[in-house]
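Residue numbers for the sequence shown follow my numbering, beginning at 18 and rising by one.
Check each hint, because a few of them may be wrong.
What the hints assert, rightly or not - Simulated crosslink set (BS3-like; lysine-lysine; CA at most 25 Å straight-line):
{"id": "1", "residue 1": "Lys29", "residue 2": "Lys56"}
{"id": "2", "residue 1": "Lys48", "residue 2": "Lys107"}
{"id": "3", "residue 1": "Lys48", "residue 2": "Lys29"}
{"id": "4", "residue 1": "Lys56", "residue 2": "Lys23"}
{"id": "5", "residue 1": "Lys56", "residue 2": "Lys107"}
{"id": "6", "residue 1": "Lys107", "residue 2": "Lys29"}
{"id": "7", "residue 1": "Lys48", "residue 2": "Lys23"}
{"id": "8", "residue 1": "Lys23", "residue 2": "Lys107"}
No wet-lab data here; the hints were simulated from the structure.
Please read all numbers here as calculations on a predicted model, not as lab measurements.
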Amino acid sequence: MALNHKLTNVIKGRVIIASEADLSSVRLTFKDDSTIRVKTIDPLPPRIPEGVQVREVSEYGTEFIIGCEDDTIVDLTLAEPGNSICVRDKTGEVEYLG
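Construct the entire structure; sequences and hints are all you get.
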């Protein structure tokens, strides 16, 4: 599993305060009001705990993992590698696309 250095540098240290999911995507909201939207093929994404701090992000093909400081792991399956992730700051400006 390869560390996604660019995305890790963007969201490392952010604290997840909320999550929403539907059949095609997961959206996480961070304490600074920024968001990450991940297009997935998971019919029911895993429960994503609130209050955890992001440590790193890894990707391999369609596998996408957010590792948190308390060793929580958010494991998702990307709908389309390289075109499934969008991070926006609190004003809606894009910080990362991939």
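Against the structure, the hints:
no.: 1; hint: Lys29 <-> Lys56; in the structure: 20 Å, holds
no.: 2; hint: Lys48 <-> Lys107; in the structure: 10 Å, holds
no.: 3; hint: Lys48 <-> Lys29; in the structure: 12 Å, holds
no.: 4; hint: Lys56 <-> Lys23; in the structure: 18 Å, holds
no.: 5; hint: Lys56 <-> Lys107; in the structure: 20 Å, holds
no.: 6; hint: Lys107 <-> Lys29; in the structure: 16 Å, holds
no.: 7; hint: Lys48 <-> Lys23; in the structure: 20 Å, holds
no.: 8; hint: Lys23 <-> Lys107; in the structure: 19 Å, holds
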